[in-house]
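Visitor: From first to last, the protein sequence lines stand for chains A and B.
With the first letter of the first sequence counted as 1, position 283 gets the number 283 in the UniProt record's numbering; the numbers rise by one all the way through.
With the first letter of the second sequence counted as 1, position 83 gets the number 83 in the UniProt record's numbering; the numbers rise by one all the way through.
It cannot be assumed that every hint is accurate.
Because identical chains share one entry, a pair is satisfied inside a single copy or across any pair of copies.
[Said to hold, decoys possible] The calculated DSSO-like cross-link candidates involving lysine-lysine, where the alpha carbons are at most 30 Å apart (straight line), are:
#1 K113 / K148
#2 K113 / K246
#3 K108 / K203
#4 K270 / K169
#5 K240 / K113
#6 K108 / K246
#7 K270 / K113
#8 K203 / K240
#9 K169 / K148
#10 K108 / K291
#11 K270 / K291
#12 K116 / K246
#13 K246 / K291
#14 K203 / K270
#15 K240 / K291
#16 K113 / K203
#17 K169 / K113
#18 K246 / K203
#19 K113 / K291
#20 K169 / K291
#21 K270 / K116
None of these hints come from the bench; they were simulated from the model.
Protein chains: 2
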Amino acid sequence: MIAIGGRSALAGGTPSSSRGLGIGIEPPSSSSPKPGFVALSDLGSVNSRLSFKGSIRIKAMEGSRTVTVSETDLNTNGHAGNLGKSQSLLSSIGNSTNIQWHECSVNKVERQKLLKQKGCVIWITGLSASGKSSVACALSQILHRRGKLSYILDGDNVRHGLNRDLSFKAEDRAENIRRVGEVAKLFADAGVLCIASLISPYKRDRDACRALLPDGDFIEVFMDVPLQVCEERDPKGLYKLARAGKIKGFTGIDDPYEAPLNSEIVLTHKGGDCDSPIEMAEEVISYLEEKGFLQA
Amino acid sequence: MIAIGGRSALAGGTPSSSRGLGIGIEPPSSSSPKPGFVALSDLGSVNSRLSFKGSIRIKAMEGSRTVTVSETDLNTNGHAGNLGKSQSLLSSIGNSTNIQWHECSVNKVERQKLLKQKGCVIWITGLSASGKSSVACALSQILHRRGKLSYILDGDNVRHGLNRDLSFKAEDRAENIRRVGEVAKLFADAGVLCIASLISPYKRDRDACRALLPDGDFIEVFMDVPLQVCEERDPKGLYKLARAGKIKGFTGIDDPYEAPLNSEIVLTHKGGDCDSPIEMAEEVISYLEEKGFLQA
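Here chain A stands alone, though its shape is the one from the complex (with noise of 0.2 Å):
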């Protein structure tokens, strides 16, 4: 007997405070599975009978709350939010009659080799006023002057959106991290030079986000310029309501900036009018091209 079950729901609650929709598992509470314990996306690779004889917990399904059945009702994939993957499809498209679907969606290559570059994540942190947003827009221009799609994320698309519920407490600062980065990882994948730009001051929320991309996906380029220099420029007149102390854990004033110690790209501040974004976005793309991000 596999007992599965999950947290008890009454049926049949109102629309308003009983949504629907919920495709897929109960997110992982921790990295290793507990004992007795299999997450639906394991169940997905079971084609045949499970052998499992412990304890399984499926939380949720797509369309469901509670699930509990038994061994014998588990005896072909158990993955319910996979419909359709890995079927054969004979049919016909315009012309082409009795094509064979062995891989069903279109998948991360096919859209490099149709767009004609690799997707990645190229992460631009640095202290405010370091230039991030400048080097980002420079980028996206140089790179569709080339042809090649990017997109940027930055605070005025995500916290004004998909982050809107988010406040500025610590947890919730991280999360919006968090979210930054999984957003990325699913523009990567599909096939876009996705940039964000973000101060981004602790390295392990960075390399969370890192750790989301296949090796050498996720660039990560720091704006290494001097804090005093950021302070000169003062676009916004923030450092100086910083040290005022009208504003509370700036970062680089009363909050610490962790600089990268191994990014892939530092763009350093050698002083002066010539630093152009500009320049800068152009050894950023120089590293692209040596890596081969920009062909398929």
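Take the given structure of chain A and dock chain B to it, following the hints.
Guide: The following block gives chain B in isolation, referenced to the frame of chain A:
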């Protein structure tokens, strides 16, 4: 005097407990601003001395937690998260010199021209086993063969990543859909034909996602397959379990599915084996062609 203050936070907290990211502004608590409160984004367009005489509350900005300034501190652009935008840069790209940058980053129209398509969200809704994923996969294949970039958002790539923190309680189910809608919006903005495949049983949640997109860019595809047919298919045995009372709150059985009344596309079940996902996907392709989404 303009008092700009937010949640008070101790400066110099430990990195693990006081993350310093936070680009952007406090998410608005309602659609209409409270009298006497101005969001930071509103200040972004204020380039001359503020004439506002009331109290301004900025909850946080990039790299900060608490701000308190007097009115005179904000006599220029108070936007913290928009560095580099709309600035005029005279510099060189490759052999081109003195390029003037009116708009900093590449916009949606430019990306669409590059991709020769228009970004949109194709939102496939329907009962479990109604064929959503199969149509999504077929659609992505057909689009790919025509040289168009699409990306599927489904349970696998969202619940395992971005939404892994969400449980299956009511508010988290709604949040799951909200986030998918927001991410889909970003993909559409990137110029991608974004295919979201979710049961999404409640009209309110679907309409909230629709409202995120410009008119016409949210294309609701209703898999109009009778419950009886889905239940007969029952590829995962979920309906059987639901009928046996072993799954509670299963959409269509003991939780409602609110069928769309005005969806852009209705894919109806015609019966028999001829109802291929490819034929259904071709209906969506026809719509996309007719509406001009497959060209820039």
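Visitor: Taking the hints in turn, state whether each one holds.
Guide: Outcome of the hint check:
| no. | hint | in the structure |
| --- | --- | --- |
| 1 | K113 / K148 | both (12 Å within a copy, 12 Å between copies) |
| 2 | K113 / K246 | neither (51 Å within a copy, 46 Å between copies) |
| 3 | K108 / K203 | within (28 Å within a copy, 32 Å between copies) |
| 4 | K270 / K169 | neither (35 Å within a copy, 53 Å between copies) |
| 5 | K240 / K113 | neither (49 Å within a copy, 43 Å between copies) |
| 6 | K108 / K246 | neither (47 Å within a copy, 38 Å between copies) |
| 7 | K270 / K113 | neither (38 Å within a copy, 36 Å between copies) |
| 8 | K203 / K240 | within (26 Å within a copy, 49 Å between copies) |
| 9 | K169 / K148 | neither (37 Å within a copy, 41 Å between copies) |
| 10 | K108 / K291 | both (17 Å within a copy, 27 Å between copies) |
| 11 | K270 / K291 | within (25 Å within a copy, 51 Å between copies) |
| 12 | K116 / K246 | neither (49 Å within a copy, 49 Å between copies) |
| 13 | K246 / K291 | neither (45 Å within a copy, 52 Å between copies) |
| 14 | K203 / K270 | within (25 Å within a copy, 56 Å between copies) |
| 15 | K240 / K291 | neither (41 Å within a copy, 52 Å between copies) |
| 16 | K113 / K203 | neither (33 Å within a copy, 38 Å between copies) |
| 17 | K169 / K113 | neither (42 Å within a copy, 40 Å between copies) |
| 18 | K246 / K203 | within (26 Å within a copy, 45 Å between copies) |
| 19 | K113 / K291 | both (16 Å within a copy, 27 Å between copies) |
| 20 | K169 / K291 | neither (38 Å within a copy, 44 Å between copies) |
| 21 | K270 / K116 | neither (34 Å within a copy, 40 Å between copies) |
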